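Student: So the protein lines, in turn, are chains A and B. For the first sequence, the numbering used here gives the first residue as 3, with consecutive numbering after it. For the second sequence, the numbering used here gives the first residue as 68, with consecutive numbering after it.
Hints in this document: simulated from the structure, not taken from any laboratory. Remember, it's a predicted structure, so these values are computed and weren't measured experimentally. Treat the hints with care, as some may be off.
Simulated pairs of lysine to aspartate or glutamate, DMTMM-like, Cα-Cα distance not exceeding 20 Å [to be verified]:
#	chain 1	residue 1	chain 2	residue 2
1	A	K343	B	E259
2	A	K253	A	E74
3	A	K53	A	E74
4	A	K363	A	E377
5	A	K363	A	D308
6	A	K253	A	E441
7	A	K343	A	D432
8	A	K363	B	E259
9	A	K363	B	E260
10	A	K343	B	E108
11	A	K253	A	D468
12	A	K253	A	D483
The primary structure of each chain is shown beneath.
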Amino acid sequence: MSEHAPALAMHGIRKRFPGVVALAGVDLEVQRGEVHVLLGENGAGKSTLMKILSGAVSKDDGTIEIDGRVVEIGSPRDAQALGVRTIYQELTLVPQLSAAENIFLGREPQRLPGIVDWRRMFADAGRLLTGLGVRIDPARPVHELGIAEQQMVEVAKALADDARILVMDEPTSALTASEINELFGTIDRLTARGTAIVYISHRLEELTRIGDRVTVLRDGRRISTCRVGEVPVSELIRLMADREVGEHFPKRRAAPGEELLRVEGLCRRSLLHDVSFTLRRGEVVGLAGLLGAGRTELARAIVGADPHDAGTIRVRGEVVDVRHPSDMIQRRVGFLPEDRKTQGLVQGLSVGENIALPSLKQLSRAGVVRQAEEERIASELVRDLRIKTTGLAQRAGLLSGGNQQKVMLARWLATRADVLIMDEPTRGIDVAAKVEIYELMNQLTARGAAILMISSELPEIVGMSDRILVMRLGRIVAELDAASATQERVLAAALGYAA
Amino acid sequence: MTSAIGRRQIGTLAGLVALGALLTALTPYFLTLSNLLNVAEQTAINAIIAVGMTFVILSGGIDLSVGSIVALSGVVLASALQHEWPIALAMLACVAVGATCGLVNGSLIARGRLPPFIATLGMMSVARGGALLFTDGRPISGFSAAFRGVATTRPLMIPAPVILMAVVYVVGHFVLTRTTFGRYVYAIGGNEEATRLSGVRVGIQKALVYVLSGATSAIAAVTLTARLNSAQPIAGIMYELDAIAATVIGGTSLMGGSGTLVGTLIGALIMGVLRNGLNLLGISSFLQQVVIGAVIIAAVLVDSIVTARSGSSTRSAAAPLQKPQAERV
Chain A
3 MSEHAPALAM HGIRKRFPGV VALAGVDLEV QRGEVHVLLG ENGAGKSTLM KILSGAVSKD
63 DGTIEIDGRV VEIGSPRDAQ ALGVRTIYQE LTLVPQLSAA ENIFLGREPQ RLPGIVDWRR
123 MFADAGRLLT GLGVRIDPAR PVHELGIAEQ QMVEVAKALA DDARILVMDE PTSALTASEI
183 NELFGTIDRL TARGTAIVYI SHRLEELTRI GDRVTVLRDG RRISTCRVGE VPVSELIRLM
243 ADREVGEHFP KRRAAPGEEL LRVEGLCRRS LLHDVSFTLR RGEVVGLAGL LGAGRTELAR
303 AIVGADPHDA GTIRVRGEVV DVRHPSDMIQ RRVGFLPEDR KTQGLVQGLS VGENIALPSL
363 KQLSRAGVVR QAEEERIASE LVRDLRIKTT GLAQRAGLLS GGNQQKVMLA RWLATRADVL
423 IMDEPTRGID VAAKVEIYEL MNQLTARGAA ILMISSELPE IVGMSDRILV MRLGRIVAEL
483 DAASATQERV LAAALGYAA
Chain B
68 MTSAIGRRQI GTLAGLVALG ALLTALTPYF LTLSNLLNVA EQTAINAIIA VGMTFVILSG
128 GIDLSVGSIV ALSGVVLASA LQHEWPIALA MLACVAVGAT CGLVNGSLIA RGRLPPFIAT
188 LGMMSVARGG ALLFTDGRPI SGFSAAFRGV ATTRPLMIPA PVILMAVVYV VGHFVLTRTT
248 FGRYVYAIGG NEEATRLSGV RVGIQKALVY VLSGATSAIA AVTLTARLNS AQPIAGIMYE
308 LDAIAATVIG GTSLMGGSGT LVGTLIGALI MGVLRNGLNL LGISSFLQQV VIGAVIIAAV
368 LVDSIVTARS GSSTRSAAAP LQKPQAERV
């Protein structure tokens, strides 16, 4: 252990997932007592890098040094033993247990083997929490605490574990301004004792407040590491956004026609605030935003998958009282959810059965399915969309990602839907299949359909949209014309940095 | 498009045939027409209840109340007959009672969002208590020859309960494989959220499944009452476990979404043949329970090993009770 070795040094970290290179040789060095901010848009590789550090994902190549010593991190246990702790966006506390019990979960101080020394546990927990500068009764059940307090319990838990490297993933996303101040106070105390902190955030204003250095990742590469304040924020955004356009977008424009969908003043609890937009025949409207900006929530509220509190939804000019997904399906609006496996397909049913699911009533007489008709329509769609399957009877769960997405599309074409809401339509799909999906989108808009496309991939948003809406914190904060939009401008709006 | 008989059902059928061959070798009485008809008759009641149970389990639920519903609908039927209601009307009342209990189950599950286990556990006790209250704990016995004929006539030598069983299976199979309702049952059991997002009113379909289960229990009660010439408020105890066992041995996944009625029928027959064979061999009823339990476990264990090897886990009865992790694309 040399005196000047960094607390953490990751060198040449590589990771491939099937079909995608998540990390292409990334370096990251964090000094003791430093807050190192990791920046990058969705999919840049931040979370994969941190998962490797915390032992949740194994690296393909590269070395990790902690305090100058090369270490192997094969499991979350290894990471903990080395003093690496991650505080995730979703807290991982047991709500019914007290703060103290959570802090010492699995490492309870014991009087005799198996007998918990409660007095010591509460005293130690109290000391840890006071040391963080917060006043939390260690005996209170965690579910009675606020989110910020729960986060403090997480931090205390990490410290009880002797964490010397703390990874914080968007820790402020659920906090109020005063709670954020408290958290930053705690972070200052931690760094004063020499804890190294890797801080992931999309809030650029936080960067200057607590960051010492910043590393920008893009497409699984380190683009730049610099001291905070050395480089203006606008330059950082440019570095994050300036992605190589490796894919070809076969965008063809259709002349926009009449309005098919109009959403006005849509609100849902703290998730959506006064969202309004329109969608016209022949248009692809891209919906951009960071994770958690409310894009999926918006789509789900429109199609009736989730309730909304206020606002009106019009389809072809007619106000629809959306209470159930069937209300929108009847009006020929189709929804392709982000997660095809859990929300889209019934994996155990056949390809044909999956295609027919929403139109089964139309395909039946007196409750009896007209099987010949069902098969005719399904096989036409399988042929038209070139779905690669061994036959209509093949189980949908066995298809590749691209073909599963085509089955979802076929499902809505069978209902003759002409408004399609596609949430991350090309996620987890290989490049060739992506292009096929884009071509299908072109064909659909040419035939007069309207598409709302949610995507976290900036090149896709810019490459395939006619208009771009940008969401941030549950609101639409910008509308950009495709002709003038750049990835940089979209990202700046999504980050809340006025373009 | 859901095939009635898949590899899993062929496996179960092979098990039934092997069991039959073994018993044929061990005892000369097994493979006689009268004994086989006897087995079928003994199996009928469990097999009929298992039709409703299969729908329930396919939808991802469970129905623990079927045995108590047999008792409650049975004593209502008996009472109606004693008050000289026309037989058809009394039977209709019986089925209505069963269906109503099912509707309560279904409403609690679909509207009240209770776990099926809890809702039907409650109904198990409520219906049992209802049957005891209704009869003051005493059986109701002695019916007309015309009513007893429902269970005792043998058109073309075939016992009437076997014919009823066949009818229930043919209708059940048609509903499951050819109607929108049947398709929704598979879809809900396979992926409820995806089904809802496809515009299906999932709650109504789920409630219907329990109505159906209550109705098939009541149909079984008609046969049971006619055969015994008596309706007992303590009838049908443990029937729910027999019905679940038949369904699971028949290859229906407890996770929901996969299985067939053909499989369930074979599963019920395996249980019937096993009981019959053990009786013929003079094995004590205590040991019989042990053997039957072991067979249930073995059937599902074999299934688990086979599916683990073939690598597809979601369509198996043996899948662990947690939802399997979504595979990566």
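Student: Now, for every hint given, state plainly whether the structure supports it.
Tutor: Evaluated hints:
| no. | hint | in the structure |
| --- | --- | --- |
| 1 | A:K343 to B:E259 | 12 Å, holds |
| 2 | A:K253 to A:E74 | 46 Å, violated |
| 3 | A:K53 to A:E74 | 14 Å, holds |
| 4 | A:K363 to A:E377 | 14 Å, holds |
| 5 | A:K363 to A:D308 | 23 Å, violated |
| 6 | A:K253 to A:E441 | 8 Å, holds |
| 7 | A:K343 to A:D432 | 16 Å, holds |
| 8 | A:K363 to B:E259 | 18 Å, holds |
| 9 | A:K363 to B:E260 | 18 Å, holds |
| 10 | A:K343 to B:E108 | 44 Å, violated |
| 11 | A:K253 to A:D468 | 9 Å, holds |
| 12 | A:K253 to A:D483 | 15 Å, holds |
Figure legend: structure checked against the earlier numbered hints; hints not met, in rising order: 2, 5 and 10.
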